[in-house]
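Asker: So for the sequence shown, the working numbering puts the first residue at 1382; every next one is plus one.
Result set (SDA-like, lysine to any residue): computed pairs, CA atoms no more than 25 Å apart in a straight line:
1. K1414 / F1456
2. K1486 / Y1511
3. K1457 / N1410
Just so you know, these hints were derived from the structure itself, not from any lab.
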Amino acid sequence: MKVTQPIRLTMVGGGSWATALVKILSENNVSVKWWLRKTSDADHIKKFGHNPSYLSDVQINTRKVKVCTKIRDSFKDSEYIILAVPAAFISDALTGLKPEHFDGKSVISAIKGMVPGANQLVTDWVSEQYGVPMERMSVIAGPCHAEEVALEKHSYLTIASQNPRCAQSVADLLRCRFVQTTPVDDLYGIEYSAVMKNIIALACGITRGLGYGDNFQAVLVSNAMQEIKRFVDAVYPKHRDLSGSAYLGDLLVTAYSPFSRNRTFGTLIGRGYTIQSAQAEMNMIAEGYYAVKSIYEINRRYAVNMPITNAVYNILYDKAAPTGEMNLLKGVLV
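Generate the whole structure from the sequences, applying the supplied hints.
Answerer: Below you can see the structure in the form of structure tokens.
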């Protein structure tokens, strides 16, 4: 019987989502080089087989997973690169790398955020900075909390790429006994939707912190789905069904789940926390905080009607009172 050589892959990032993805990959015939910034975490994983900072109950198969702290070394000989750091830190994480380090590799974004300042999706930013062809780019999307992956609860992922063969190959990599995967071709639609659902989760959290109930949140989320559709159709027109799990499903789990860091961040803001104190309380990045500024600035060009996004932006960046903004929002929701 012929023995198939394992796929060689690099994981960039040491957070909960990166840890969950490493767990998924270790279920399959994949050899992972896992880059972490923190030397202490890397040493701990090598010695004890679990990440001390995130999802510490997940046992790491160190026969399949090799931990390293030098980004260039982690890229050597890999066929696939998964990026799983917050979008705000992607530039720092890849410092020292040049386009030749990406030659021949397929890049997978597991980041549901936008690069601040550049106001770019991660796929566009990586392609522009490192010359990675878009046909070698894909994104991981879908309602899939890292905490539930850690518990091996059945989950679904959607893999989007403009190249069907690329989407299929990545879907095959990530399919395992507790994760189902589906390849699709709507890379930009799914990537923008994943960014925007974090903004909506912030709004849901703010209203929860202010004491609004389930009835209002249901109306907020249904209006949000229409807002996402208007925006995505404006920036990347394409026939798409937004009722799919990568769109609506991802929005629902992020808006309602107690695992959602964006919802948690918004709840703290609604309760009167400052941005700095909310960030300190969570000790994790809420992608929606950075994303809402990028989407707000992009929309200056398109002028799409986006009252929920505008309300969140006004609260977080213009220091508007959450109570007043939500009172205004109530008047335009239907």
